[in-house]
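Going line by line, the protein sequences match chains A and B.
Numbering of the first sequence is given in my numbering, commencing with residue 1 and proceeding in unit increments.
Numbering of the second sequence is given in my numbering, commencing with residue 1 and proceeding in unit increments.
Some hints here could point you the wrong way.
If you want the footprint, here are the derived chain B segments under chain A, 3+ residues with CB under 8 Å [claimed, not checked]:
1. 18 to 27
2. 118 to 128
3. 269 to 277
The set of hints was computed from the structure by calculation and includes no laboratory data.
Keep in mind it's a predicted model, so treat the numbers as computed, not measured.
Glycine residues also receive a C-beta, built at the ideal position from the N, C-alpha and C atoms.
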Amino acid sequence: MAVATASRRTAVPNRLTHGRLPKWAPWTILIGCWAVMSAIVGLVGAASGAAGFDIALAIFLGQILFLVAIWVIAYLVEGGRQAKDRFVTGLVATAFVIALLPLVSLAYTVVVNGAARFDVAFFTESMRNVVGEGGGALHAIVGTLIITGLAALISVPVGLLTAVYLVEYGRGWLARAITFFVDVMTGIPSIVAGLFAFAMFALITGNAGYRSGIGGAIALSLLMIPVVVRSSEEMLRIVPNELREASYALGVPKYATILRIVIPTAIAGIATGVTIAIARVIGETAPLLIVAGFTTSMNYDPFSGRMSTLPVFVYTQYMNPGADLAAYTERAWAGALVLILIVMVLNLVARLIAKLFAPKTGR
Amino acid sequence: MTATATEPGRIRAKVRPADRTFFISAIAAGGLILVALAAVAVFLIAESAPAFVGDVSAMNGDPANFWVYVAPLAFGTVWSAFLALLFALPLSIGIALFISHYAPRRVAQGLGYVIDLLAAVPSVVFGLWGIKVLAPAIVPIYDWLNQYLGWLPFFAGQVDRTGRTILTVAIVLAVMIIPIITSLCREIFLQTPKLHEEAALALGATRWEMIRMAVLPFGRPGIISAAMLGLGRALGETMVVAMLLSPALVISFVLTSGQNPSTIAGNIALNFPEAHGIAVNALIATGLVLFVITLVVNSVARWVIARRAAFSGAN
Numbered sequence: 001m002a003v004a005t006a007s008r009r010t011a012v013p014n015r016l017t018h019g020r021l022p023k024w025a026p027w028t029i030l031i032g033c034w035a036v037m038s039a040i041v042g043l044v045g046a047a048s049g050a051a052g053f054d055i056a057l058a059i060f061l062g063q064i065l066f067l068v069a070i071w072v073i074a075y076l077v078e079g080g081r082q083a084k085d086r087f088v089t090g091l092v093a094t095a096f097v098i099a100l101l102p103l104v105s106l107a108y109t110v111v112v113n114g115a116a117r118f119d120v121a122f123f124t125e126s127m128r129n130v131v132g133e134g135g136g137a138l139h140a141i142v143g144t145l146i147i148t149g150l151a152a153l154i155s156v157p158v159g160l161l162t163a164v165y166l167v168e169y170g171r172g173w174l175a176r177a178i179t180f181f182v183d184v185m186t187g188i189p190s191i192v193a194g195l196f197a198f199a200m201f202a203l204i205t206g207n208a209g210y211r212s213g214i215g216g217a218i219a220l221s222l223l224m225i226p227v228v229v230r231s232s233e234e235m236l237r238i239v240p241n242e243l244r245e246a247s248y249a250l251g252v253p254k255y256a257t258i259l260r261i262v263i264p265t266a267i268a269g270i271a272t273g274v275t276i277a278i279a280r281v282i283g284e285t286a287p288l289l290i291v292a293g294f295t296t297s298m299n300y301d302p303f304s305g306r307m308s309t310l311p312v313f314v315y316t317q318y319m320n321p322g323a324d325l326a327a328y329t330e331r332a333w334a335g336a337l338v339l340i341l342i343v344m345v346l347n348l349v350a351r352l353i354a355k356l357f358a359p360k361t362g363r
Numbered sequence: 001m002t003a004t005a006t007e008p009g010r011i012r013a014k015v016r017p018a019d020r021t022f023f024i025s026a027i028a029a030g031g032l033i034l035v036a037l038a039a040v041a042v043f044l045i046a047e048s049a050p051a052f053v054g055d056v057s058a059m060n061g062d063p064a065n066f067w068v069y070v071a072p073l074a075f076g077t078v079w080s081a082f083l084a085l086l087f088a089l090p091l092s093i094g095i096a097l098f099i100s101h102y103a104p105r106r107v108a109q110g111l112g113y114v115i116d117l118l119a120a121v122p123s124v125v126f127g128l129w130g131i132k133v134l135a136p137a138i139v140p141i142y143d144w145l146n147q148y149l150g151w152l153p154f155f156a157g158q159v160d161r162t163g164r165t166i167l168t169v170a171i172v173l174a175v176m177i178i179p180i181i182t183s184l185c186r187e188i189f190l191q192t193p194k195l196h197e198e199a200a201l202a203l204g205a206t207r208w209e210m211i212r213m214a215v216l217p218f219g220r221p222g223i224i225s226a227a228m229l230g231l232g233r234a235l236g237e238t239m240v241v242a243m244l245l246s247p248a249l250v251i252s253f254v255l256t257s258g259q260n261p262s263t264i265a266g267n268i269a270l271n272f273p274e275a276h277g278i279a280v281n282a283l284i285a286t287g288l289v290l291f292v293i294t295l296v297v298n299s300v301a302r303w304v305i306a307r308r309a310a311f312s313g314a315n
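Based on the provided sequences and hints, a complete structural model is requested.
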């Protein structure tokens with residue numbers, strides 16, 4: 001069979017694939033263009049006496065050459081329309097690779113620079129009385145956990161109940177108003193949330209220099225609630241109506257239907273949404289800088305006194321260094337590494353929850 | 001639903017106390033959101049009122065009144081966000097198309113996650129990266145732009161040797177809003193009716209012609225609103241600006257010089273920790289201005305989405 005088709009292919013040229021570039025052509029042209037430009041950049045560099053070989057420039061010029069070359073070659077072999085198609089394909093793939101560059105560069109830089117101070121002291125010491133080397137971010141890590149925990153404690157019940165209201169009860173103007181204002185809340189810049197929390201506590205306490213952890217938690221929950229509402233609402237909406245109707249038909253009251261049937265069915269999605277919301281606010285810097293302030297000491301009490309958090313720690317270590325600049329910068333990078341690790345772990349946990357606890361489908 | 005049907009002949013559901021409590025707590029949570037937003041408006045206005053009428057000459061730049069103070073900041077905010085959008089939008093559309101229509105289907109979802117990872121990086125880390133990696137690396141490009149395109153007003157004058165200019169900020173902001181715009185665009189491109197795509201292909205269109213005839217026209221309102229939402233995010237972004245720019249209160253279109261307009265959010269972050277007295281009020285008032293700007297941008301985005309929902313014949 002195979003032999004027969006092969007021999008037929010050679011005998012009668014396939015008109016459908018006639019006048020088309022073979023599959024390997026684009027890749028070959030791509031590598032060829034990179035090689036040509038590397039050679040040119042290397043020669044020019046050597047001629048002008050430059051020390052190193054600029055690989056970024058070579059790849060960049062090679063990519064431009066590739067886009068031109070693939071268009072010209074496809075134009076000659078396949079015609080104008082195919083040429084444009086191949087050109088756009090190249091362009092779109094380039095866009096994707098360009099977006100990966102900052103991600104790779106960022107991950108590499110943070111790991112390399114952060115590893116220097118990623119030690120035991122970093123997790124067991126605060127910055128109290130530290131002016132040069134040493135010290136750690138324990139106070140900031142504890143502060144982050146307390147403030148984010150409080151924010152979650154406020155936002156999850158409020159957000160979940162609001163979603164329940166919108167899906168199970170919401171009719172008329174109130175539901176429309178809530179939906180609209182949740183959208184408005186999504187757009188609040190994080191620093192404005194910080195200013196609000198500060199303005200509220202400053203007016204209530206009459207203290208014009210008010211700073212505390214609970215203010216930070218309020219600001220963060222303002223940012224977190226709309227995310228929780230949106231994701232929970234989506235999850236509750238995809239719970240099939242048949243489940244609710246079956247429950248009502250058995251005489252189960254509405255609240256029990258929601259608590260025992262609807263929410264358990266959607267719990268995986270809700271938990272995923274909450275985890276992602278926490279991951280989003282745990283990296284917030286601006287509102288905490290405004291209302292929680294920063295300190296070098298431990299503070300376990302969110303209701304009084306300044307409270308450092310990890311993002312603000314990174315910011316202050318970099319922005320207000322002491323005499324020993326390198327020690328401060330190293331701590332900033334280590335803080336950034338810890339922060340990224342926390343966010344990555346939270347995102348992974350969210351995906352795991354979504355996968356492991358997804359409701360069983362019938363088929 | 002809760003036993004409001006009072007017509008005779010209909011069976012009324014029994015009202016249980018637990019049912020009532022649950023309903024009331026749900027509605028209270030919804031109401032709390034409205035109250036919280038009202039509180040945001042009330043407290044911000046109350047705290048910023050003194051700055052609108054008072055003497056703010058103690059602020060950086062000795063402004064004559066509040067509006068003179070906020071004007072260059074508002075300009076910097078809109079200008080940097082606009083530049084960021086200029087870089088991010090074409091790239092995002094390209095990435096979204098790559099994931100939705102070009103990448104092999106098996107890896108497409110994974111590629112989406114990779115782009116979402118960018119959204120997970122905290123802004124303060126982007127700030128560090130911008131200072132330590134991007135700014136030094138980009139100075140040669142600025143030199144080149146200044147040398148060959150210096151006749152354009154954007155690249156005129158002296159190039160800043162640190163590379164920490166408004167253009168660098170805009171590039172970092174673009175990286176930060178790319179995942180947002182990409183994920184929204186991707187959703188919209190995937191919603192294109194399969195029949196439209198297959199019809200185009202069946203008529204002999206190439207993949208790009210199919211995208212131009214079926215996917216892009218269908219997704220245009222979605223792309224616009226995604227861009228606006230990305231713009232809203234860029235407007236409010238604080239840490240990158242605060243860390244990267246050494247601000248000057250100027251209105252300047254030059255992209256590569258050391259004289260850069262700051263943004264509202266960055267200015268607040270830099271000055272708030274040491275501010276006292278009327279300066280606090282003035283900074284909160286600039287925050288109110290920022291809130292209004294983002295509110296307008298986001299409302300336009302929502303309006304475009306709503307209009308699309310009303311007129312889309314695809315469903």
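Hint-by-hint comparison with the structure:
1. 18 to 27: holds (count 8)
2. 118 to 128: holds (count 10)
3. 269 to 277: holds (count 5)
Hint check: no violations occur; every hint is consistent with the structure.
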